[in-house]
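Using the sequences and the hints given, assemble the complete structure.
Chains as they are written, first to last, in the working numbering: chain Z, 1 to 101; chain L, 1001 to 1309; chain U, 2001 to 2189.
Read the hints as simulated data drawn from the structure, not as lab findings. Warning: the hint list may mix true and false statements.
Computed footprint of chain Z on chain U; a stretch qualifies when at least three of its residues, placed anywhere within it, have a C-beta under 8 Å from a C-beta of chain Z [what the hints assert, rightly or not]:
(1) 2003 to 2014
(2) 2059 to 2071
(3) 2082 to 2094
(4) 2107 to 2113
(5) 2123 to 2129
(6) 2136 to 2148
Just so we're clear, the structure is a prediction, and the values are computed from it rather than from any experiment. Glycine included, each C-beta is placed from N, C-alpha and C at the ideal position.
Below, each chain spelled out in residue letters.
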Amino acid sequence: MTFELLLVLAAGLFCTGLFGALSQQSIVMIMMGIELMIGGIIVAAAAFWHFLAPAAASGQVVVVAAVVAMAVEMAMGFAVTTALYRSRRVDTADLARDLRG
Amino acid sequence: MVERGPWWTVAAAPLLLAALAALAVAADALLAARGAGRPVTLTAAARPFLALPRALVAGPRRLPAPDLLLWRAGVVTVPVAAVLSTLVIPFGNTVVADPSVGVVWFNAMEVTTWAALWLAGWGPNAAFSLIGGYRFLAQGLAYELPLMFALIAAATGAESLRVGDIAAAQQGLWYAVWMPVAFAAHLAGVLAFSFLGPFAHPAGRDAAGGVLGELSGPDRLLLQAGRWLWLASGAAMAVPLFLGGGAGPGLPAWAWSLVKTLLVLALLVVAARRLPVVRPDRYVELAWVVLVPLTILQVLVPALVVLGR
Amino acid sequence: MDTTDTVLLTVLGVLALAGGVLVFVLDSMARVTFALLVSLACSGGVVTLLGLPYLGVVTVLMMVMEMVIMAVFMIAYMMNPAGLMPMSMLHNTRGALAVSAVLFAALTTGIFAVPWPGREGRPPRDSTVQLGTALMEGQMLTMVVLGLVLLSTMVGATVLATQRGRYDRFGDDLDRRPARDPVGGGVGR
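Laid out in structure tokens, this is it:
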């Protein structure tokens, strides 16, 4: 039962983050939502490792990949925000529509 | 071999750390007295402690719209993290907890001072205070990587992240002898995360006391105590990492640990008194252009030794 | 897994969720950032309790540094950093709530509907050794790719975020010494 509840925790973190990423206007707040989603993935990967396949290292490698994804997301997010803000004083996703299809 | 101590070590470790910190404060007061030309006596050493009762009864100073919750959290975190970091530091052959990732634990606790000092600067809603917090972050970006590489060098040499294993792996030759750059980077890091001496810029007088500027009463006491607790903790950590832990001829292991810790602490206190304050914008370039490459090369040395073993 | 672990897991799990929800409820950007820190640090605690002390503690370490940097950017870019003026920075709240609620319901149904297989194999004596061996042997390619991604991120992020190039520092003919920098620097370049 612990396993299922941990996965529910992971799903809860992921969906809370998704809500934030979808509903926030500020780019920095959107990034916080994404961080929370990746946090959920870390919890889920650790639970899978512990309860399903502790003899294989794959679960741990997923956690490493998720942590790296967090770092990359932060660095690139802030770099893009800084570049946007510097050139146009824009800090919300609604005002940066260059890639809108 | 380092072993987990009985339950009462949980209470003894913080007391020992506090005693070491108090000794460091007294030694600093003596150096200050000598520097000012006052008589170097016991009274001079006890001088900083006379401020204790006054701080405990002093009324709080409040500014409009402070963020009390975050302010308190920041101020309390510094001494608490210092105490938590000592859980993995062996004293002689005894350690409170001996997790397999002791070095990472120490590093994680030390990094919480980043958050804590920024919060302590943000909380009171005052400009100089916040400047102090930002100064510590700039300093953190500078000292953290060399410090991490120093810890990694010691862990690589012992092929273990367990602090007890690192101390035990130095039978014969201390890491301080053949990893001097890592040792120096560690000592600089200790002064930096306790923001004392050359790294006291976050609490600098030029910014009206920085993070300490708006603090009063018990809060101020906690943050000040946190600085010296961190200095003592960092000095104690240098002993198992670079000075062979409790190993030594004649005396029992705990005595060697104590002697070595006191020597490192004395060195740090003197350095903190004698070195001028370095601005973070200057230190950050020195750290990234000189110290990071040097410490990376330093990590290469134990890596090659381990490979060739 | 004994009782202490279960109690700790429950406490950390509830704190992680509460912190996550507070991120999108609180007004003050500083509080928001540190609510997220509490949430992610509790996730790190959960990972530690699940037998992965290295990954758990490293997650906490990384999150503390990341969130403090995050706080700096929050204060720099947000119009209302301390939350002292009430204002809403949301769009399409209802749609977002619907999407995430449906996803959560679907995930929960899946979690309880799937017949999970039993535990295969035993946990290693030291999970850190297992991870290190995997990254340097079987999963070497993953490690190499992650390293390249991090390197390109460092270069890319620096290029995007800096506005000054070498011609701004060293002049049009690249012969101005010392360089003209807004901040002095420590080694006199």
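Now the hints, each set against the structure:
{"no.": "1", "hint": "2003 to 2014", "in the structure": "holds (count 3)"}
{"no.": "2", "hint": "2059 to 2071", "in the structure": "holds (count 5)"}
{"no.": "3", "hint": "2082 to 2094", "in the structure": "holds (count 5)"}
{"no.": "4", "hint": "2107 to 2113", "in the structure": "holds (count 4)"}
{"no.": "5", "hint": "2123 to 2129", "in the structure": "holds (count 3)"}
{"no.": "6", "hint": "2136 to 2148", "in the structure": "holds (count 4)"}
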